[in-house]
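Protein chains in written order, with my numbering: chain P, 5 to 365; chain V, 112 to 447.
It is worth saying that the hints were derived from the structure and are not from the lab.
Check the hints yourself; a few may be wrong.
[As the list claims (entries may be wrong)] Taking beta-carbon pairs under 10 Å as the criterion, some of the chain V residues facing chain P (in silico):
{"#": "1", "residue": "PHE176"}
{"#": "2", "residue": "GLY273"}
{"#": "3", "residue": "VAL383"}
{"#": "4", "residue": "VAL431"}
[Said to hold, decoys possible] Anything over 12 Å on all C-beta distances counts as not near chain V; from chain P, calculated:
{"#": "5", "residue": "VAL23"}
{"#": "6", "residue": "LYS40"}
{"#": "7", "residue": "ASN43"}
{"#": "8", "residue": "VAL97"}
{"#": "9", "residue": "ALA109"}
{"#": "10", "residue": "SER136"}
{"#": "11", "residue": "LEU141"}
{"#": "12", "residue": "LEU188"}
{"#": "13", "residue": "VAL277"}
{"#": "14", "residue": "MET281"}
{"#": "15", "residue": "ASN299"}
{"#": "16", "residue": "ARG328"}
{"#": "17", "residue": "PRO345"}
Beta carbons: idealized from backbone N, C-alpha and C, even for Gly.
For reference, the chains in residue letters:
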Amino acid sequence: MMILSGDPPRSRVLTLLLVVIILALAATPFLFPGAKALNVAAKICVFAALVASYDLLLGYTGSVSFAHTMFYGIGSYAIAIALYGMGPNWAAVATGIVAGLPLAALLALAIGLFSLRVAAIFFAMITLAVASAFQVLASQLSWLTGGEDGRSFQLPELLRPGTVLISKNLFGFEINGRILTFYLVFAISGLMILALLRVVNSPFGRVLQAIRENRFRAEALGFRTVFHLTYANCLAALVAASAGILNALWLRYAGPDTSLSFSIMLDILLMVVIGGMGTIYGAIIGATIFILAQNYLQSLMGVASKAADEAGLPLLPGLLHPDRWLLWLGLLFIASVYFFPTGVVGRLRHGGGKKSASASH
Amino acid sequence: MTDLAATDPLPKPKRDLAPILLPLALALLMIPLIGSTSSWLTLTVASLAMGMMIFIMASGLTLVFGLMDVLNFGHGAFIAVGAYVATLVLAPFAASIQVDSLLTNLAVLAPAALLSMAVSGALGLVVERVLILPVYGQHLKQILMTTGGLIVAEQTLYALWGPQIIPMPLPASLRGSFIIGDVAIAKYRVLAMLIGLSVFIAIQLVLNRTKLGLLIRAGVENREMVEALGYRIRRLFLGVFMTGSALAGLGGVMWALYREQVHASMSDDLTVLIFIVVIIGGLGSIGGCFIGAILVAMVANYGGFLVPKLALVSNILLMVAILMWRPRGLYAVTSR
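So that you can see chain P by itself, here it is in the shape it has in the complex (with noise of 0.2 Å):
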């Protein structure tokens, strides 16, 4: 209970489902064989942690941020730069960390303060503009984030494929290089889930649900909401910033698409609402059926457009294809937003008849 910060999963099946996934994350390097396999369970994590990050945004401040993917590339690439420049040692990785964290929690303050100047209601379009810009800004400073390109780099001699930690024992398993940074990955996300869990249950999350709900009673009962929705963007940069430094160590590449894009942003989106938004462990749920989806379900759309194309079928083997498969995320997202706005956590928790009061205006 303490580790979870008095907030429980809330319902027993949502408790089998967690899990289930953390085991089945935990033991991917033994259970299913293949760079395949563990490329997702690591993104998976990437992505849970995340995603859990955006969740105190959006979920608990109800404010929606569109320039978290900067955070993200900016922990991506910080580290992706100093080991690029410095050459495969842990002194380019603390660099990397001690200069991207800063810049990302300073980058959140300049635009939490800049924002509350004007408007609420302008926070989400100048998240928007400052990111796009930043973007931009990526792709051209080529010479220090190699443009369109990225950086590629090499990680250090522990973290390598080739370095073998424990040979084959009598289970007949090698440890190498590899899963050790996929349990590194694996143990900082949970980490910062539990870290993030703690700051929701903790009166200063109190207080930021109490905004969410109205920001005008939370004034007026002498909280400072200024304060604490800056601290809260900071804080929020700061785990998507580190999130972004373990996918830059895990693809051992940083690069606009991996970390920048707006994609990635909608991807976000999609994962917070699909888990359900303001409960944290919905991070967790929404990432990992979104991100199997993503490399599971796009093959098997293959297989149908194809076999709809050999039907002679007009139209639909262009909406089977698998590049397409945003647009059924897409249909998948309104449809939850509307029907179901407190996510599968949210139904399951509730059991889908009872209003909740969370993810509401």
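Starting from the known structure of chain P, arrange chain V on it as the hints suggest.
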């Protein structure tokens, strides 16, 4: 409060001229910086033309924001749909577009633009009923729903037309420039300016000279009061939404011709520009939107000429500067 006799004319509202002077001052300030008068004129015409196109796309959005407090993040979809629909007319008549006669060219362009407006207007009706009506008055859900709508619209366009960039050549008679002295002014920019100005004048006339416009302006200022007087503001809003969508479609056609290509991702870049314009102008203000669009275009054109590196963030800097000066935009017309 002073007493007014019944015969006295009503006191005129104070005119706020500072925002109008802003683009003028900016343009004049640029003359010495740019140096040559001819390139200054070319750049100024370019920014006016670009500004008019952005204004056409943004005008509907600002009224929708202002009138009903609806955050529509899917406005860019209407732009892309408009551009794609225009290719339906322009592609089969490609031959008559290549004829160097203004009349023949316009005979194809006008139906294409009208069809685009009709389709995006109709799409506006569907979007308003299906996506916006159910989440009325809830900003968070409005943003989510309309963002979802944008994804679906974009992907549907890709599914129907394919993901490649579609070329959209300018009609023969609109290519090239008028040369006056050593100043070159692209013909298409003149046309874009003319269309933009007529749209602006038409909107101003409707808003200021008709009862419908009076209701819209009153609704922007205080929605509940208009409702209390017995007008069905929802229906009014639907009309404004459809008109705004149709105008976005028109803007999409014009932008596609300007760039000479069509791609669904155009909606993403333009959405950001349009948001900046709406924020700069002030929610619900057509005049502010007009000035904001010209300012954004000026900063893009002059900035691109003087300091190309800065052009990437110049719009953000402009927005920051204006909001520092007037936190609610150039003209604050809403009571919110």
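Now for the hints, and whether the structure bears them out:
1. Interface restraint check: V/PHE176 against chain P, minimum CB-CB distance 8 Å, threshold 10 Å, status holds.
2. With its C-beta approaching chain P no nearer than about 8 Å, V/GLY273 sits inside the 10 Å limit, and its interface hint holds.
3. The restraint placing V/VAL383 at the interface with chain P holds, with a minimum CB-CB distance near 5 Å, inside the 10 Å limit.
4. Hint status for V/VAL431 relative to chain P: holds, with the closest Cβ pair at about 7 Å, below 10 Å.
5. Interface exclusion of P/VAL23 from chain V stands, the closest Cβ pair being 30 Å apart, more than 12 Å.
6. Every C-beta of chain V lies more than 12 Å from that of P/LYS40, the closest at about 25 Å, which supports listing it as non-interface.
7. The beta carbon of P/ASN43 is kept farther than 12 Å from every beta carbon of chain V, the shortest such distance being approximately 25 Å.
8. Every CB of chain V is more than 12 Å from the CB of P/VAL97 (nearest about 30 Å), matching its label as outside the interface.
9. No Cβ of chain V approaches the Cβ of P/ALA109 within 12 Å, the least distance being about 20 Å, so the stated non-interface status holds.
10. Separation of P/SER136 from chain V is inadequate, the least Cβ-Cβ distance of about 5 Å not exceeding the 12 Å criterion.
11. With a minimum CB-CB distance of about 6 Å to chain V, P/LEU141 fails to clear the 12 Å threshold, and the non-interface call is violated.
12. At the 12 Å boundary, the C-beta of P/LEU188 stays outside the reach of chain V, the nearest C-beta of that chain being 33 Å off.
13. Interface exclusion of P/VAL277 from chain V breaks down, the closest Cβ pair being 6 Å apart, not more than 12 Å.
14. Consistency note on P/MET281: stated as away from chain V, yet its beta-carbon is not over 12 Å from all of that chain's, at 9 Å minimum.
15. No Cβ of chain V comes within 12 Å of the Cβ of P/ASN299; the nearest lies about 19 Å off, and the non-interface call holds.
16. Interface exclusion of P/ARG328 from chain V breaks down, the closest Cβ pair being 5 Å apart, not more than 12 Å.
17. A beta-carbon of chain V is positioned within 12 Å of the beta-carbon of P/PRO345; the least distance is around 7 Å.
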